[in-house]
Amino acid sequence: MSKAEKFSVVGQKVSRFEGYERVAGESRFIADIVVPGMLSGKILRSPYPHARIVKIDTSKAEKVRGVRAVVTAEDTIKRGWGAFFPDQYPLSEGKSRYVGEEVAAVAAIDGDIAEEAVDLIDVEWDELPAVFDAEEAMKEGAPLIHEDKERNIAMQFDVERGDIQRAFAESDLIVEDTFESMPQWHCAIETIGSVADYDTSGKYTVYMNTQTVFMARARIAAALGIRETDVRIIQSAVGGGFGGKSSDDNNAIVAAVLARKAGKPVKIINTREEEFLAGSRPRVNMKIWVRMGFKKDGRIRAKHTRVIADNGAYCGKAPAITGVAALRHDTCYKYSDVRAQAFLVYTNKIPTGAFRGFGNPSAEWAVEQAIDKACHELGIDPLDLARLNAADPGYVSPHGNRVQSCELKQCLDMTEKMMDWKKKWANKKPNIGMGLACTVHVSGKRHFGDYDGSSATIKVNEDGKALILSGEGEVGQGVFTAMCQIAAEELGVLLEDVEISSADTDLTTFCLGAFASRLTYVSGNAVRDAAGKVKEQLFETAAEMLEARAEDLVCKEGRIFVQEAEHKSVTVADVARARLFRRGGAPIVASGSFDADSMSQDASRYGNESGAYNFGCQAAEVAVDPDTGQVKVLNYVVASDCGTVINPIGAEGQVEGAIAQGIGYALIEGIRMEDGRPINPNFGDYRIPSMRDMPPLTHGFAQSYEPTGPFGAKGLGELGMDPTAAVINNAIFDAVGVRIKKLPITPEKIFMALREKESQKK
Amino acid sequence: MLIRTMKRQIVLTVNGEEHDIEIEPNRLLLQALREDIGLTGTKEGCSIGVCGACSVTIDGRLVSSCLTLAVGCQGKEITTIEGLAKDGKLHPIQQAFLEYGGFQCGICTPGQIIAAKALLDSQPNPSEEEVKEWMSGNLCRCTGYYKILESVMAVVQNKISTEHGARKGQAARIQSLYKSDS
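Chain order of the listed sequences is A and B.
Start counting at 1 in the first sequence, then tack on 144, and there's your number in our numbering.
Start counting at 1 in the second sequence, then tack on 1120, and there's your number in our numbering.
Worth flagging that the hints you see were computed from the coordinates, not collected in a lab.
A couple of the hints might just be wrong.
[Stated by the list, open to error] Some chain B residues near chain A, calculated using beta-carbon distances under 7 Å:
id	residue
1	Gln-1224
2	Cys-1228
3	Glu-1250
[Unchecked claim] Okay, derived cross-link-like pairs now, DMTMM-like style, lysine to aspartate or glutamate, Cα gap no bigger than 20 Å in a straight line:
id	chain 1	residue 1	chain 2	residue 2
4	B	Lys-1209	A	Glu-162
5	A	Lys-776	B	Asp-1241
6	B	Lys-1206	A	Asp-254
7	A	Lys-776	B	Glu-1253
8	B	Lys-1209	A	Glu-165
9	B	Lys-1127	A	Asp-254
10	B	Lys-1279	B	Asp-1241
11	A	Lys-572	A	Asp-769
12	B	Lys-1206	A	Glu-162
13	A	Lys-776	A	Asp-837
Just so it is clear, CB atoms sit at the ideal spot from N, CA and C, and this is done for glycine as well.
Okay, chain B solo, but in the shape it has when bound:
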């Protein structure tokens, strides 16, 4: 028989914003983010914390949100993929993935980028081997990982251009929408 426990009111701080939500104690952080707060960028891939598609950071630490209880995250800083771009300007890791083709279908991409950010925020100059070791918790079935590694190393080696390919006009148009950014 389905047993419903009393919902609890909690406050989750996600990407710098506070969200008041009412959830059951067994609600996973992944579901709270996606369904209660409406941030669907974090994905469910395996439900057992192996694939990394649900990666978020909590106080800078990389975690699988499919294995984390939402109630335990009160008072902590949660960062999801939605928190990386600022005013239409992509985070350098996002820029690199765009420029070097570090994605194909995009389902694992938020997890890959969050994982890379967690690494580079604490260790800005990792070797290729260190990146491989760190990123092995983020599965991808499309890319074969070569371009994901290339994208991350491009950030490490500062080899990202803000304009690239034939999409110059698009980048410029988006920038112009945020006139406060000079």
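If we strip away everything but chain A, and leave its shape as in the complex, we get:
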């Protein structure tokens, strides 16, 4: 039986502790926050994809009654900032590099006046030639977007493990193709926003809907040229993140600059249009050429990929995302000889960046289709080929990723059962097809300095209630509740007697925030560590009260007693009060910490990305209408290995939400751009899945236990998104024999491809 059976709080289906305020509409999102004297901020954005600023005249704007401040780059230290390369400015310095870039801003007593003033800011532009395609941007003679980056290449690498030439020579089948993924907008129902305040002592306080308070603090401080502690970030309730609110945009920095000049708090909330133009950084679109060699029994022998990633105008997190796209999927199967080349190229479009999956969806879009091609050519069931190659516990990828727990094979078995795969694969019906793909993801990633950890402090109040002080925050995934469950399990108290604070950089200790599916694993371990130390203090005092030895005590549902002698007990509240109200008294409080046993990649990109890896398998049964190209997903199946499931409601929610975004990515979403400008940046034209678009879904979690995770848990949040587009496209190929190479998969593309296939037959 799984070890999860032994837990009393962990593994239980519990409703989230913020549930009441969520269903009552009481949560304070950034747009709901009002502070005395607050001004409304509006931003002037570049209308050109690439243009030099000759002159900015703000005099007319400044004269509008009700305007309190107008700012340009002159009001900043003109220092670039960014997650990896400091190439982005708070307000355009010398030139703007994409439509939507922040050029100037106004703070006024209300939004209408601010908007009027923005319209009165006179900018004299000198338009420059622009480039919108990564391959075009790499050519000699292409317009240079950043003066110090030759051929617009922000980053490139070429790594080889083993002997790729020999490996291909030893392959019985070679499959080669090029696949193109597309940018995807997060479309969180809440847009990015902030309320920034500056006080005379020189300190900024910023409320923002960031996923990462400490990273936001570091970047805002760097952009403003101040120390980290001169900025206080307080996380408001976040209305959906998915990577889009991980502090790579300028919203809060511009608000801070305005607040300082106006001497008043300033609120800037992105409109939906602004969100599309310059808000959350859309998924990095990539063109991936892949060549794979297989033995005739289906074993993977060689792989060579070349990734050309579209950076947009500034780097943000794209360097790491490109690295992931090139290398991470090699942790899924047993590879020996691989070569990965990658180019990250600037273009004059909105900077691309972090979106659930972080490069993995693009990689799996390409590689899982190449594998599927091989299955069809070799006449091998994709399920069997996956099983033959699947990673096992203890596997070390060619790039150094060390797999501990791995239940990928169990996920394949579960997929087979849930989809009735074997029977359906053997009894194909016309225009109905089956597809599957496997996936791997991390539980945290070591790439922000040599640290992939978390910390937390737990205090126990006099009424016996524990409070976790954590800076990791909550973005809607339910991590607050999961952390409370972990603490409650470790302490031995009721879940309702544990609470967690909001994320505030002044009141909590350093941690990295929500990304890379890290929180359950990394933060969970830190919280457990803190809880363990709190328990020591509880037992020390309880031992005195019960005249027993601390090592003989247990705590169950908030009562502490000697094992086997439950009749004589003290409550946690009794102990908290006893330890405090006495001579030499002290409150019960302890800090915990955890850093994953991962290793930074070296110059050749060899290293262990993460402390734990999660795995999964997905399968789809689709029907394609050959007369219209319409695709209907008849059945979708997902099996996930996330170790111990801390809260089934939260975990199921993550899988279900990820599948919805994956289906959107594959079949529904897609922006249209003209000269770097999104045409109709709104929800009417950029459609995201609605309730009607969701297929029948069956999913489950593997029996799994990650030895390095809190109570055996590891990450899950992104896993569901990674392979979905490939799964659906594999199923479409199986149904009608055409393979769309560039996302999105539209009925038009399928229809045209079928027509072409027909005409080729003739």
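Dock chain B against chain A, hints included.
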């Protein structure tokens, strides 16, 4: 040039209470609710009436408050999310969303619940297909909709428990604050 028109004094009846406010004729109901009355439960998601985050009911009819002028709502019964719970006791739809996890980040949740209420108040026994059709005007980016549908069907099928999970104590404590409720 910004043209300011004269503000008008109107009375809006929201969740059974009358509110005297002074607004411009082009003020949207969404802004009047959030900023002039201070009921921030109704959210702005898209500004063009597509996402449903701004859903309220006016005389029982489901509308997008981001497309509705406040001045046109005088004399009508407006219901927002804040009007559903009574004396600390959640509406059955809110109970269901809580129990079945019909929310994640919560930004679309008020709209989802109001939309569900508008449906169930007029049609207490819809099929799953009818619920899907009705609720497709409420976008959610977090949940994938499965648990939202499950929550609504739980109300239809009367499968809500007032105590659930490990939060029994919390529910009981809130109930005890409202001693008049027996």
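Each hint tested on the structure:
{"no.": "1", "hint": "Gln-1224", "in the structure": "4 Å, holds"}
{"no.": "2", "hint": "Cys-1228", "in the structure": "5 Å, holds"}
{"no.": "3", "hint": "Glu-1250", "in the structure": "12 Å, violated"}
{"no.": "4", "hint": "Lys-1209(B) with Glu-162(A)", "in the structure": "16 Å, holds"}
{"no.": "5", "hint": "Lys-776(A) with Asp-1241(B)", "in the structure": "33 Å, violated"}
{"no.": "6", "hint": "Lys-1206(B) with Asp-254(A)", "in the structure": "35 Å, violated"}
{"no.": "7", "hint": "Lys-776(A) with Glu-1253(B)", "in the structure": "17 Å, holds"}
{"no.": "8", "hint": "Lys-1209(B) with Glu-165(A)", "in the structure": "13 Å, holds"}
{"no.": "9", "hint": "Lys-1127(B) with Asp-254(A)", "in the structure": "15 Å, holds"}
{"no.": "10", "hint": "Lys-1279(B) with Asp-1241(B)", "in the structure": "17 Å, holds"}
{"no.": "11", "hint": "Lys-572(A) with Asp-769(A)", "in the structure": "15 Å, holds"}
{"no.": "12", "hint": "Lys-1206(B) with Glu-162(A)", "in the structure": "19 Å, holds"}
{"no.": "13", "hint": "Lys-776(A) with Asp-837(A)", "in the structure": "9 Å, holds"}
Hints 3, 5 and 6, counting from the list given before, are not met by this structure.
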